[in-house]
Every structure is written in structure tokens, then in C-alpha cells.
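For reference, the chains in residue letters:
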Amino acid sequence: MEPWEEDGPEVVKRFMYVNRRAPYGTIYALECLEVVLIAAAFDQDVSVVFVDDGVCQLKKDQDTTAIGMKNFSNTYRALDDYDVEKIYVEKESLEARGLTEEDLIIPVEVLAADQLGDIMAQQDVVISS
Amino acid sequence: MEPWEEDGPEVVKRFMYVNRRAPYGTIYALECLEVVLIAAAFDQDVSVVFVDDGVCQLKKDQDTTAIGMKNFSNTYRALDDYDVEKIYVEKESLEARGLTEEDLIIPVEVLAADQLGDIMAQQDVVISS
Amino acid sequence: MKLAILVNEGPFTHQASDSAYRFAEAAIAKGHEIGRVFFYNDGVFNANKLSEPQTDDRNLVALWAELGQENGIDLVVCIAAALRRGIKEEILKEGFRISGLGQLVEAGIENDRLVVFGD
Amino acid sequence: MKLAILVNEGPFTHQASDSAYRFAEAAIAKGHEIGRVFFYNDGVFNANKLSEPQTDDRNLVALWAELGQENGIDLVVCIAAALRRGIKEEILKEGFRISGLGQLVEAGIENDRLVVFGD
Amino acid sequence: MSTMLHLINKSPFDRNALDTCLRLAKTGSSVLLLEDGVYAAMSGGSYAKAVSDRMGELTFYVLGPDVSARGLDDKPLIDGIDVVDYGGFVDLVVEHETAQSWL
Amino acid sequence: MSTMLHLINKSPFDRNALDTCLRLAKTGSSVLLLEDGVYAAMSGGSYAKAVSDRMGELTFYVLGPDVSARGLDDKPLIDGIDVVDYGGFVDLVVEHETAQSWL
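Protein chains in written order, with this note's numbering: chain A, 1 to 129; chain B, 1 to 129; chain C, 1 to 119; chain D, 1 to 119; chain E, 1 to 103; chain F, 1 to 103.
Treat the hints with care, since some could be wrong.
[Said to hold, decoys possible] Capping the alpha-carbon separation at 30 angstroms, the derived lysine-lysine pairs in DSBU-like fashion look like this:
1. A:K13 x E:K26
2. D:K2 x F:K26
3. A:K13 x C:K30
No wet-lab data here; the hints were simulated from the structure.
If you're wondering where the values come from, they're calculated on a predicted model, not measured in any experiment.
Excised from the complex, chain A in its bound form (with noise of 0.2 angstroms):
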């Protein structure tokens, strides 16, 4: 069953987080995760998109002590529990930045810009940063 199909009248909207940013050079990364697991309580439909340097956010086995900045990267793990199931990354971005999907750190749906951009035009809310 589709969320939008579920009882009650409360409208369902689709809801879509962009990120574009690699994490570390700037907070866009974090700050984005942090609106996504609060968004995840509202039952809405949410999908999270990973595109460009985007993309760099999910690499594994990010090791940040000699930067001195937060590891925020296993937090990606917690988008299971919160129900979080729509994690598109577009096959473009991870190609030019010679990353595969083995190198990312959950699992995601690895999409076309193609058909990445059929789900972007069917969504209500998107939210970029």
C-alpha cells in the first residue's frame, strides 16, 4: 500500500531531501541529515537524494580524527530504523567520482539521471540545502 493510500484525511505529501555537497567542507551535509531523521516522524513519504558531490556523503570508512570534526557518517545507518526507505543515488555523480555502490555505506538505489529525475518531477516539498 502506497503512504498516501493509508486512513484517515491527513494528506500525504512527497517529500524530497537534495544533497549536492560532499560532507565536511561545509555543514550542508550534516545539517540536512539532522531535518531528514525529524522528518522522518511526520508520516509523510520522504525520499532522500544523493547527486553530484552529494553522492561523497555516503563513501565508507570516513575517518575523521586528524580534521578534528565530527564522524557524522554511520548516522546514514540510523535512516533504516527510521523507516527511511527512498535513498536514491544518481549513477552519473558516482561514475565521474570513480566511486561504485560497494563503496557506499547503506544500501541505496543506484539511478540514471533519467530516471532520477522522473521521481524528482513527482514530488510536492523538495528541500536542498
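Following the hints, position chains B, C, D, E and F against chain A.
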């Protein structure tokens, strides 16, 4: 006479201020100009470079009425009063943006990348923003 | 129509807050309602009442507060983003309130559109 | 050698202040002197004593102040950039001082190197 | 499918936001160029071809106040781009079901 | 002529800082990739050719702490790039007469 040949034992350094951002979209153009105007009082060898979107800072006929921000483009005209005379604009950057020397609010020296690189390589202090 | 706005940058370094303000003003002039403006990331700096621009420059902190008061707009500053950046009640401009990230999601749900302004 | 540092961004949104801090720490460890750290643009937010990061995160405002005090480093916040952004004496972290842009130029003149960290 | 309004506020010379938007935006959606994004609307710029190439599939708008601020009123726009003011920006947001900012 | 150390802290995929640096930097100068600039050092990335093409003329360094933070320790670097830590960064600044940050 070159600045470093002037009287007194004081060392004269070559300071270059590099502008690579468009105006208004970010404050860097304005705040860099504020530094240059202060720097002019220090009797050092000052040059100002406009490259990439930085060349757009010098476009004539800026009118910020409708965006409600302060139009600071006339302040570039003050550079001459402050004896800041080494103002370099990269030719390739102008061309890529469909601009010519005639579009600019002040007289400048337009240099090809190769020549501009030579001048950059001679600086003691490079301040970018 | 009910519109919500998300502002991700402060009042000076990027044009985002200026654009958001002009957009809000124009929407109100056209008879739309601004259901909420949510300030996130460096956007929390828009609520710093100590901000003192040059006298010939616009004062976005004051402009947002006035627009909010005149039109009953809910101006919400994210508490998590504000805490780490040192925007606290003691320097919060009147007209803004500090609250949680849930208010952003709620704004997305309850308004017909959400428009994001950032870097 | 005498090194000066220019920090153009605040302590959270960009890594600039982190990198500058690690660089300063390493320079001191190697026996160099940090002649001045100048905070410009959004860099002035590094001096906001109200900043309260999460407990498991680094606190750059405190780290800069400590590094400055332990090593006698002059931490200068640009008055023009600070005024418009609402960083004033009342919220200035101890160890920083507010002064004019001339201090940046002077830092460039009096130190052997000036390294810029920004966005 | 929602009708999408894509917002681009970055210079195409400095950032990849417009490139990615043009790669992912579906035929029938609209693109509004604002802030430093207006440089993508200039017909004399080296980015003009990337925009012109999708002119048949996407509808392009540019925010006039940002064009004027940057002194570009005397520079020709790419054929087919409509100029709007902040009121027109609001209308575009209202007319499209979703607004997506490419930050 | 001063010996120059060019600092690149931006991803080459998102920003034009490295492009412009490579266009303007003179033979004999050095480039340190740090923060998000480290993505330019990966041999598997589509940007590798732009860096390799100037490998004979410029000396490239990458900041190890930023490589590790981004989980890239298992990804091969472009041949000829040296890894430094913050101490090595300091040494580079000291050894070169001028540091230029391409912000």
C-alpha cells in the same frame, strides 16, 4: 621610480587582491573592495585582479533599486583617487561572459591568462575572498 | 495561496535572505499568505538583533521583523542550528521565535508551496 | 618564521576555520610564530561566545581563544564586518579583540607569510 | 507528475547547479534564473548554448531585478527567455506545483 | 619571481577554482589540495586528466587528514601526488615565498 625604491628603510611588499565572484550574489566583492581602500593607505605596492565572475563586478550601469541592496559599483571609481592604479582584468574571463573593455566602469589593463599569471607569480601577499 | 519559505543563509554573505524577503513582500502584495518563514543553517543569523548595517544599506533583520509583525507571519529560527551558531534568546530580534526542525517539516505539509533560498 | 592567518568563514558552515586552526596548531608545534589571526567576512562569527556546539563536537570559538591565550596570539575581529553581522563586545569571546581592517594589511606586511582560509 | 519550477541562483561559470538541473529536469518544466544565475541568460556568454539546447523542452525565465542590479540591461538575452519581476516570480511559484532550488 | 603555493579547497566538480588555478599557475609552482579540493586528487575521478596534464610543470600535494575524513584512503591517488599532514602543510607554506588561496 618603483615603490620599493622610495626613501626610508621600510620594506614595500607586493599585495594582490584577487576577485573571482560576481557582485550582489555574495558580499565578497564589496568586502574585498573595503579592504583595498584601506590597503591603499599603507604605501605598499597594491594591485587588484578581476578574474572569472569577478570581472562582472566592474560592469557599467548597475542598478540595484529593485533588489534593495546597496549599489557599490561607483566606489571602484575611487580606486584611482586612492592611487590604486594596477587593475588587471583577465581577457578570457571577459570573453566567456560576452563582455568587452567598453562594458567596464573604470579603465583597466586587460591581460591574457598567461600574462596575468606572470604578474600573480611576482606577488608577496595574495588576498582572495 | 499559502506559501512557506526556507532561508538557509544569513543576511549579508549571500543574497538568499534578500531574495526571500523580496519574494515574501511580492507574495503578500498579490494577496497570498506567508504561512511561515523558517531560518535554517546560517539563516539563523537573520534573527540577530545586534546586527548593525551601514546606514545607507538595508537592514534585513529589521525588515523581516517588520514584515512579520505587519502581516502576522510566523518567523521561526531553528534551535539546533541557532545553538551551535550562538543565536540565543538574549540576542533574538523581537518578532522571531526559536523552535525545532519539526516546524520546517510542518511548514512543508501545511502550506501549498515551500520555496528554498540558500547558497 | 612569522605567519599570519586570515579566516573568512564562520566556525560551522565551512571547514575554513577548522583548517586554519589545525594549521596554526601545527605551525606552533613546529616552532613558528603566529603573528596574528584576522577574522573577516563571516569569519567574525568565530568570536561569538554564545556559540554552543553539541557536546560531542569541537568548539572552535573556545579552541581559538585557548590557542590564542596559551601562545599569545593576537586574534583580531574586523570591526566593519562584525558590526553588520551583529558581533559586538557584549558577545565577544575573551581573547579576541575588535579592530580595523588596517590590522589585516599590517599582518601582511609584518609577517613572513599570510595564509587565507575561506569559502 | 507535478509541474516543476527549477530555481537556479548560481553563476553557471562558477558552479555546477545549472548543469545538473539541465541534466535532470524533465521536458515541460520551467527554470527561473535569479541572483548570480542570471549570467546564464546572456546570449553573448559561453554558457548560452547549454541553455538554448533545451529551449524547446524547458521554459526559461530570468529575474529582471537581478539582471538590472548586475548592469546587464544592455546585454541581449538568449532568445525565448522571459523576464519577470518578484511578482512574476510569485506567480511562477503559484502556477507550478513544486519549486525546486538547486543549491 | 616568487615561488608560489596554490591552495585549492573546493571540489573540482562543483567549482571552477582548480580550473582557473591550472590556467594561471606558472611552471615551477606547487598546488596543495585540501578540504573538498582532495576530490581532484583521485585517479578514478573524471577530473584526473586535468591534473595529470600539468603534473610535469606543477608539483601537487594533497592534505592527508582531509582524504581520510572523506573515506578516500582506499582510493588510489593520481601518480605523483604527495600526501602531507598539517605539519607538511606548514612546511610547504614556509618553503614557498607566497601562498595563494583560490577561494
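Hints, one by one, checked against the model:
As the CA atoms of K13 of chain A and K26 of chain E are separated by approximately 20 angstroms, the hinted pair is consistent with the 30 angstroms bound. As the CA atoms of K2 of chain D and K26 of chain F are separated by approximately 26 angstroms, the hinted pair is consistent with the 30 angstroms bound. A threshold of 30 angstroms between alpha carbons decides the hint, and for K13 of chain A with K30 of chain C the separation of about 26 angstroms falls inside it, so the pair holds.
Hint violations for this structure: none, all hints satisfied.
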